[in-house]
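Visitor: One-letter residues, chain by chain:
Protein chains: 2
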Amino acid sequence: MRRGAGKMMEEGMAFEDVLAELERFKEQDLKYTRILSSMCTDPHPIAKIAHRLFLEANLGDPGLFPGAKAIEERTISMIADLLGGDDTVRGYLTTGGTESNIQAIRAFRNAAQIRDGNIIVPQSAHFSFDKIGDLLAVEVRKAPFDASFRVDPDAVEELIDDRTIGIVAIAGTTEYGQIDPIEALAEIARRNNLFLHVDAAFGGFVIPFLDSHPPFDLSVEGVSSITIDPHKMGMSTIPSGGLLFKDGTLLDFLSTPTPYLTSKNQFSLTGTRSGATAASTYAVLRHLGRRGFKQIVDRCMQMTAKLRSGTESAGITSPVEPMMNVLTLEVANLEQVIERLAQSGWRVSVTRDGFMRLVIMPHLTEPIIDEFLSDLEDATKD
Amino acid sequence: MRRGAGKMMEEGMAFEDVLAELERFKEQDLKYTRILSSMCTDPHPIAKIAHRLFLEANLGDPGLFPGAKAIEERTISMIADLLGGDDTVRGYLTTGGTESNIQAIRAFRNAAQIRDGNIIVPQSAHFSFDKIGDLLAVEVRKAPFDASFRVDPDAVEELIDDRTIGIVAIAGTTEYGQIDPIEALAEIARRNNLFLHVDAAFGGFVIPFLDSHPPFDLSVEGVSSITIDPHKMGMSTIPSGGLLFKDGTLLDFLSTPTPYLTSKNQFSLTGTRSGATAASTYAVLRHLGRRGFKQIVDRCMQMTAKLRSGTESAGITSPVEPMMNVLTLEVANLEQVIERLAQSGWRVSVTRDGFMRLVIMPHLTEPIIDEFLSDLEDATKD
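Top line first, the protein sequences correspond to chains A and B.
Okay, so the first sequence: first residue is 0 according to numbering that gives the first Met the number 0, each after it adds one.
Okay, so the second sequence: first residue is 0 according to numbering that gives the first Met the number 0, each after it adds one.
Any given hint could turn out to be false.
A pair counts as met if it fits within one copy or between any two copies, since identical chains are not told apart.
[Stated by the list, open to error] EDC-like, lysine to aspartate or glutamate: derived pairs with alpha carbons at most 16 Å apart:
{"#": "1", "residue 1": "Lys25", "residue 2": "Asp129"}
{"#": "2", "residue 1": "Lys293", "residue 2": "Glu10"}
{"#": "3", "residue 1": "Lys263", "residue 2": "Asp129"}
{"#": "4", "residue 1": "Lys25", "residue 2": "Asp369"}
{"#": "5", "residue 1": "Lys293", "residue 2": "Glu9"}
{"#": "6", "residue 1": "Lys47", "residue 2": "Asp153"}
{"#": "7", "residue 1": "Lys305", "residue 2": "Asp41"}
{"#": "8", "residue 1": "Lys47", "residue 2": "Asp246"}
{"#": "9", "residue 1": "Lys141", "residue 2": "Asp151"}
{"#": "10", "residue 1": "Lys47", "residue 2": "Glu320"}
Since the hints were made in silico from the structure, they are not lab data.
Could you put the whole structure together from the sequences, leaning on the hints where they help?
Guide: Listed below in structure tokens is the structure:
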């Protein structure tokens with residue numbers, strides 16, 4: 000903490016002066032235009048309007064905000080339908096993928112009643128699973144992936160023991176955009192009487208709109224729950240997550256009684272929670288519909304293909320064929336290249352295995368991709 | 000889940016039609032004007048503008064949003080200064096009181112390295128501590144309160160054993176607005192070498208501005224950490240919480256490495272998190288300053304006193320003298336009275352001990368208090 004910084008609060012400051020100060024901070028933030036390192040994007044215009052409309056709504060006290068609550072319920076219905084759910088599905092809108100994954104594993108742990116239990120996650124799982132293991136006091140076992148960066152089902156099965164609570168599969172891995180072999184994992188989960196959680200935080204709003212894709216969602220027998228993040232490819236505002244349980248009774252393992260509120264109990268990890276982000280997510284889904292989402296995903300996939308062929312022409316290979324709008328590249332002198340790209344305003348990231356990682360989000364355009372390709376070629380020259 | 004509801008997403012819907020639909024849902028939500036049951040309020044006007052300005056900023060990836068990150072750091076400094084912190088304080092902006100309390104107890108648990116540990120919380124503690132016990136696999140022991148609804152320090156001490164990790168004290172209880180005897184609890188914590196967390200989710204932006212108050216914050220020797228909620232009396236937007244550790248190294252027990260992001264590790268429970276709410280909190284603190292907050296708290300306390308004397312005149316007694324802007328009342332036929340008040344648009348709540356509970360937030364005014372008093376008198380007549 001900076002000494003004396005707190006004195007900033009002493010006297011108060013004129014409304015306009017505070018806003019001018021905020022504008023100066025805002026100038027330090029990057030625009031998304033040249034960001035290829037993030038799974039977040041500019042919210043859709045309708046998301047921003049909807050967010051503002053419900054800014055003060057608290058879904059933690061739904062009796063006061065029945066309109067916002069109805070919006071949440073309709074949103075869950077739409078997402079359940081998108082992800083192969085039927086009438087038994089229950090869920091809620093979370094603060095994002097981490098909360099969704101925490102709550103899925105917590106429900107499994109509580110339902111299984113296994114002490115000192117473990118879960119098996121792919122080596123490719125998001126770093127938040129380390130956080131979850133610590134939080135829930137559950138051991139996190141990591142199964143290696145195959146040559147295509149998808150988890151090896153045999154390796155998963157070998158890690159199962161009598162303290163295993165569940166398995167996690169990723170539909171749209173953070174680093175490679177791959178889809179784990181969900182059907183094979185579901186078969187293993189069924190055979191061993193284990194829960195199976197699908198983390199589709201990124202893939203949930205991509206995979207259903209691809210021209211073809213392997214089964215990955217609640218329609219696969221053996222899948223217990225699924226995470227989907229509206230604030231990623233759902234183009235909603237932060238913090239917007241979603242969690243669905245195929246067997247809705249699993250939600251009851253997250254129940255906390257809520258005296259002195261308008262509800263009797265709550266399932267969310269947080270107490271007070273935003274109605275604004277629920278409205279934002281609802282508005283995007285309702286406005287775009289499946290057709291609108293398909294157009295956006297098509298465009299991202301076209302840009303990904305362009306980036307892939309452009310980099311190939313420049314002699315830069317990919318360790319794996321992109322299944323969605325995430326492209327990884329084998330780049331020599333990676334740190335130096337990233338530094339050079341940064342000087343031109345580009346932000347890219349790196350996988351744990353040392354590949355350059357590019358996420359091709361809706362805020363990008365074909366001309367931006369051309370410009371990036373040109374700068375990447377320059378940056379990789381000696 | 001409603002069958003076929005998901006079909007709502009099928010074709011998409013015109014921008015204006017979606018907004019018109021949202022407006023209809025919005026009409027179902029209550030305005031705060033007649034809400035006396037909630038610790039949330041309408042955000043301050045400057046909070047709304049600041050929120051909008053940083054809507055797309057993600058503090059989970061701070062290298063992309065250095066302006067929003069600087070705002071968070073300055074906000075933590077201001078709050079630390081407000082709550083008696085010095086240069087060793089570290090913390091971050093959370094999604095609210097529940098996340099702050101989870102993370103404080105998690106840090107204690109990880110630092111203490113006690114297996115199957117327990118924490119001792121006041122009987123008056125917020126229901127979220129039950130959630131926290133389940134989440135972190137920590138036993139939650141509840142200490143009874145005395146006649147003034149403050150925890151009894153002797154009862155706390157009796158519950159300590161060799162598996163106790165820490166003690167929780169409440170500065171501004173959700174139900175009675177009371178302040179636990181923090182100095183006595185701190186003495187017990189020091190003597191038993193335990194952590195002490197102060198939950199000032201509600202009181203953090205009230206107590207410092209009261210004309211007089213007992214010591215309650217990081218300035219008390221033995222207090223390890225404190226929760227404060229900007230989205231309650233801080234008049235910021237949802238979700239806005241704050242968590243401060245007096246010894247900043249405790250924060251490191253929450254660290255998760257973050258590959259493929261612009262940061263090396265993160266301390267927050269969520270991954271992607273809002274820069275908008277940080278800007279919102281910052282703007283309110285900077286604009287109001289201590290003087291502005293004092294005016295608002297003074298006004299809330301005056302309205303509380305008015306409500307107190309008005310109810311007394313009507314023969315309605317309070318079980319305890321209000322220490323802040325929360326008033327509880329002994330009301331016969333409580334359910335019927337609440338129902339009658341609801342018919343006039345009022346929302347009040349109930350403590351677990353069966354008293355009527357009123358929270359006197361900044362969205363109320365003296366004329367509204369007069370109107371409420373009149374309706375309450377009517378509702379309590381046979």
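Visitor: A separate judgement is required for each hint: does it hold in the structure or not?
Guide: Hints, verified against the model:
Within a single copy, Lys25 and Asp129 get their C-alpha atoms no closer than 32 Å, and across copies no closer than 39 Å, so neither meets the 16 Å cut-off. In the homo-oligomer, the alpha carbons of Lys293 and Glu10 lie at most 16 Å apart only across protomers (11 Å), although the nearest pairing inside one protomer, at 53 Å, exceeds that limit. With identical chains, the CA atoms of Lys263 and Asp129 are at most 16 Å apart between copies only, with a shortest distance of 14 Å across copies and 32 Å within one. Taking identical chains as interchangeable, the C-alpha atoms of Lys25 and Asp369 are never at most 16 Å apart, the minima being 28 Å within one chain and 44 Å between chains.
For the identical chains of this complex, Lys293 and Glu9 are inter-copy neighbours only, at 11 Å across copies versus 52 Å inside a copy, given an alpha-carbon limit of 16 Å. Taking the closest pair of Cα atoms, Lys47 and Asp153 never come within 16 Å of each other, the shortest separation being 45 Å inside a single copy and 52 Å across copies. Within a single copy, Lys305 and Asp41 get their C-alpha atoms no closer than 22 Å, and across copies no closer than 48 Å, so neither meets the 16 Å cut-off. Taking the shortest Cα distances, Lys47 and Asp246 never come within 16 Å of each other, neither inside one copy (33 Å) nor across copies (39 Å).
Taking the shortest alpha-carbon separations for Lys141 and Asp151, only the intra-copy value of 11 Å comes in at or below 16 Å, while the best inter-copy value is 47 Å. In this assembly of identical chains, the alpha carbons of Lys47 and Glu320 never lie at most 16 Å apart, being 35 Å within a copy and 44 Å across copies at closest.
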